[in-house]
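2 protein chains.
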Amino acid sequence: MRPCTQPLRSPAMRCEVVAVGTELLLGQIVDTNSAVIGERLAASGIDSYFQVKVGDNLDRATTAVRDALARSDAVIVTGGLGPTHDDLTRNVLAAVMGVELERDEALVDVIRGMFAARGRTMPDNNLLQADVPRGAIVIPQTRGTAPGLICPVESVDADGHPITKVVYAMPGVPHEMAEMLERAVLPDLLARRGGTEAIVSRTLRTWGDSESGLAERLVEPIAELEASHRATIALLASGVEGIKVRVTAKGADTTAARRSVDEVADELRTRLGSIVFAEDDASMESVVLDLLRARQRTLAVAESMTGGMITARLTEVAGASEVVRGGVVSYASEVKWSLLDVPEGPVVSDVAARAMADGVRRLLGADVGLSITGVAGPAPQDDRAPGTVFVGYAIGEVVEAKQLSLFGDRARIRAYATISALDVLRRTLEAEQMA
Amino acid sequence: MRPCTQPLRSPAMRCEVVAVGTELLLGQIVDTNSAVIGERLAASGIDSYFQVKVGDNLDRATTAVRDALARSDAVIVTGGLGPTHDDLTRNVLAAVMGVELERDEALVDVIRGMFAARGRTMPDNNLLQADVPRGAIVIPQTRGTAPGLICPVESVDADGHPITKVVYAMPGVPHEMAEMLERAVLPDLLARRGGTEAIVSRTLRTWGDSESGLAERLVEPIAELEASHRATIALLASGVEGIKVRVTAKGADTTAARRSVDEVADELRTRLGSIVFAEDDASMESVVLDLLRARQRTLAVAESMTGGMITARLTEVAGASEVVRGGVVSYASEVKWSLLDVPEGPVVSDVAARAMADGVRRLLGADVGLSITGVAGPAPQDDRAPGTVFVGYAIGEVVEAKQLSLFGDRARIRAYATISALDVLRRTLEAEQMA
Numbered sequence: 009m010r011p012c013t014q015p016l017r018s019p020a021m022r023c024e025v026v027a028v029g030t031e032l033l034l035g036q037i038v039d040t041n042s043a044v045i046g047e048r049l050a051a052s053g054i055d056s057y058f059q060v061k062v063g064d065n066l067d068r069a070t071t072a073v074r075d076a077l078a079r080s081d082a083v084i085v086t087g088g089l090g091p092t093h094d095d096l097t098r099n100v101l102a103a104v105m106g107v108e109l110e111r112d113e114a115l116v117d118v119i120r121g122m123f124a125a126r127g128r129t130m131p132d133n134n135l136l137q138a139d140v141p142r143g144a145i146v147i148p149q150t151r152g153t154a155p156g157l158i159c160p161v162e163s164v165d166a167d168g169h170p171i172t173k174v175v176y177a178m179p180g181v182p183h184e185m186a187e188m189l190e191r192a193v194l195p196d197l198l199a200r201r202g203g204t205e206a207i208v209s210r211t212l213r214t215w216g217d218s219e220s221g222l223a224e225r226l227v228e229p230i231a232e233l234e235a236s237h238r239a240t241i242a243l244l245a246s247g248v249e250g251i252k253v254r255v256t257a258k259g260a261d262t263t264a265a266r267r268s269v270d271e272v273a274d275e276l277r278t279r280l281g282s283i284v285f286a287e288d289d290a291s292m293e294s295v296v297l298d299l300l301r302a303r304q305r306t307l308a309v310a311e312s313m314t315g316g317m318i319t320a321r322l323t324e325v326a327g328a329s330e331v332v333r334g335g336v337v338s339y340a341s342e343v344k345w346s347l348l349d350v351p352e353g354p355v356v357s358d359v360a361a362r363a364m365a366d367g368v369r370r371l372l373g374a375d376v377g378l379s380i381t382g383v384a385g386p387a388p389q390d391d392r393a394p395g396t397v398f399v400g401y402a403i404g405e406v407v408e409a410k411q412l413s414l415f416g417d418r419a420r421i422r423a424y425a426t427i428s429a430l431d432v433l434r435r436t437l438e439a440e441q442m443a
Numbered sequence: 009m010r011p012c013t014q015p016l017r018s019p020a021m022r023c024e025v026v027a028v029g030t031e032l033l034l035g036q037i038v039d040t041n042s043a044v045i046g047e048r049l050a051a052s053g054i055d056s057y058f059q060v061k062v063g064d065n066l067d068r069a070t071t072a073v074r075d076a077l078a079r080s081d082a083v084i085v086t087g088g089l090g091p092t093h094d095d096l097t098r099n100v101l102a103a104v105m106g107v108e109l110e111r112d113e114a115l116v117d118v119i120r121g122m123f124a125a126r127g128r129t130m131p132d133n134n135l136l137q138a139d140v141p142r143g144a145i146v147i148p149q150t151r152g153t154a155p156g157l158i159c160p161v162e163s164v165d166a167d168g169h170p171i172t173k174v175v176y177a178m179p180g181v182p183h184e185m186a187e188m189l190e191r192a193v194l195p196d197l198l199a200r201r202g203g204t205e206a207i208v209s210r211t212l213r214t215w216g217d218s219e220s221g222l223a224e225r226l227v228e229p230i231a232e233l234e235a236s237h238r239a240t241i242a243l244l245a246s247g248v249e250g251i252k253v254r255v256t257a258k259g260a261d262t263t264a265a266r267r268s269v270d271e272v273a274d275e276l277r278t279r280l281g282s283i284v285f286a287e288d289d290a291s292m293e294s295v296v297l298d299l300l301r302a303r304q305r306t307l308a309v310a311e312s313m314t315g316g317m318i319t320a321r322l323t324e325v326a327g328a329s330e331v332v333r334g335g336v337v338s339y340a341s342e343v344k345w346s347l348l349d350v351p352e353g354p355v356v357s358d359v360a361a362r363a364m365a366d367g368v369r370r371l372l373g374a375d376v377g378l379s380i381t382g383v384a385g386p387a388p389q390d391d392r393a394p395g396t397v398f399v400g401y402a403i404g405e406v407v408e409a410k411q412l413s414l415f416g417d418r419a420r421i422r423a424y425a426t427i428s429a430l431d432v433l434r435r436t437l438e439a440e441q442m443a
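Residue numbers (the working numbering), protein chains in the order written: chain A, 9 to 443; chain B, 9 to 443.
Just so you know, the hints here were simulated from the structure itself, not pulled from any lab data. Among the clues, some could well be false.
Note that identical chains are pooled: a pair holds if it fits in a single copy or bridges any two copies.
Claimed, not checked - No more than 20 Å apart at the CA atoms, straight line, and that leaves these computed lysine to aspartate or glutamate pairs for EDC-like:
(1) Lys-252 with Glu-31
(2) Lys-252 with Asp-94
(3) Lys-258 with Glu-31
(4) Lys-258 with Asp-349
(5) Lys-252 with Asp-217
(6) Lys-252 with Glu-330
(7) Lys-258 with Glu-47
(8) Lys-252 with Glu-110
(9) Lys-252 with Glu-275
(10) Lys-252 with Glu-408
Take these sequences, add in the hints, and give me the full structure.
Structure representation (structure tokens):
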């Protein structure tokens, strides 16, 4: 690709995303591409204020791209580059650029070659994928047949000065899109922006406080930061995954931005204390496994109301087998009594939770036992209301249980019970560490 | 809610979707809500031509909703109804309606009551959730604290005649949104559309064929239907949930539409045979539970690579306790040998799968045993490649195992293994029924 000589309005560059495809509007496919692109743009310090889904319709897709380009410096279009007659993105770009489509014979050979390499002959449909708007730059494909496009569009800035905006087209297939984004589109976009400002983020993951409660804890630092502009704080409620506190800072370079982020994040982490269970991509289950692995302890889990969700979550992590011996889903009361030596009697109780934790540890020959028993609903059990939960743990001589009250429907109660039980073990192991 | 008296331009109603939330633009959360809404609108015969994501910014969100409303009859907004200072959707709607926000004291009591019911006092932040644009109708919440809103907006149609358009606001939390969509928003939207033409859909859920394979099986009926216009068929690839075949028909009334749908769906069901495992909202796990319940048989599950996912899925269904005794997650090989009497030796094998199914049935005192052992990856085990899976079952005298080869990363292999194991049991029980 030829280098870009005309930088855009730097540094506050804006780039919108237009995802093309009727199947996206019909909800047959969820548009994950624009989320991936948005994440990479944010990490590059490029603002993305609007992201649009539009169907395979020439007029509406052209309108969507024109409107997006009018509001910003660049637009990234995904989808509509396939070989069928509904794939209209090439025509949309020609319309936006005000040029004709020309068949690129070199591209025809490349595409025909791709089919030949797979021992197939190219259907005539695929010739459409070699049509390029005059003046557009082709981004070669490395995975599929649909090439990408870089389309410069002459425009004027707010002061009426001539400026070159740009529209990128990438295939809608997620892995083809992601590869082309990193290889060709982001580098071209950053070259057009010019400047070297870096942006760094760090995310504190919390469990055990509400979004509004967390907001109140953070009133001071947020106000202080809004005044000082050292960094920004965002609260991201992530349902059963808890609430994320994201700290973001800009800097002359990555080191400078990282320094500001760490200053603020360390301060917040101290202020928030034990509700912070992990950072960035770490999960509750990976933290629990790391705490156990560090002590060379193995784990066994006894589950009733969660029916295996806790053990399933722990074993999502590759390498869990070093720590997790396994578990027992004692769904029926008789299984709790016979297999885990739970004393006969009400099974939604402190006593049962402790016996389950101790029993499963013995049964599976593990160092640590974690257990959960409770009422998922919709019906009550043993006169206990849905949401009544007992989490038990057995570590060395300590065999304890903790009662929780959860709310919501059956699915929500089970999901919250799962992460809550892991959090009880996490806090216990961390407290032990402190002691 | 008051009945709607002013129908909109019927029948070709247009409804756009605006998802509000900076975290959506930053790609920290994927917007699945607009896909769900788009699917439901399509099933209701309502066109959705543009779907937009915009951040927590008053001006830009207001612009997005205004533009969407100018292009269509109705707009559904999701997100931005939370209790924090960046939740601006209430203000956006007031701006679009050209009215003030008024605090709804009745709503304050409801929200305070929700916190009280959870033994907590309401943080002052949550008062914001009781602010309502004058003239808006409140949609009560059944799950969270953020109520929804129905906001009539006076406008004019293409011929300059006065018309009432409408903007709906729903919370961004997917399960809260989905519940409110079905309970309040879709019914209100259909009432405003007016007209009596009914649309009925029926969905056949399939497991065990690829989308292209399914498309080939259906070439004839699809061509025939496109000619006859009796009904439409849509293939919805739903990843680990299989592929859905949705049949939709319009009719003068529900009975007529239902008749056309059933004619076509019954024919397709016969044509597709045993790959159809359920219809509409029924799931693989509910079908398996129904088959066992009908025979008054109980089930025990032994899981290795899936770490509890199968038992967790079965116990998602309320009333599963009538059938499911429980399970053993024999993650470590020693647990398979000691607890389930699996003969010492390679545990990723036909022999181990059969021993696990029979062993868990005996250990938990169940009639039927289901087991799974295999390699989730990323590393091979016992010289077996990731994706090598053995599913075992023990029913009466029959103790068999079936080998599967699955592809993808660890998470995908575990998810496919889970539904595949349930499908093996489903087909076995159905075959038994036929015999």
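Status of the hints after comparison with the structure:
1. Lys-252 with Glu-31: between (31 Å within a copy, 11 Å between copies)
2. Lys-252 with Asp-94: between (38 Å within a copy, 15 Å between copies)
3. Lys-258 with Glu-31: Between. Shortest inter-copy distance 18 Å satisfies the 20 Å Cα cut-off; intra-copy 38 Å does not.
4. Lys-258 with Asp-349: neither (58 Å within a copy, 60 Å between copies)
5. Lys-252 with Asp-217: Within. Shortest intra-copy distance 11 Å satisfies the 20 Å Cα cut-off; inter-copy 39 Å does not.
6. Lys-252 with Glu-330: Intra 29 Å, inter 39 Å, cutoff 20 Å: neither.
7. Lys-258 with Glu-47: The answer is within: 16 Å in one copy meets 20 Å, while 40 Å across copies does not.
8. Lys-252 with Glu-110: neither (45 Å within a copy, 31 Å between copies)
9. Lys-252 with Glu-275: Result: close within a single copy only, 16 Å intra versus 50 Å inter.
10. Lys-252 with Glu-408: neither (29 Å within a copy, 47 Å between copies)
The structure is inconsistent with the numbered hints 4, 6, 8, 10, although it conforms to all the rest.
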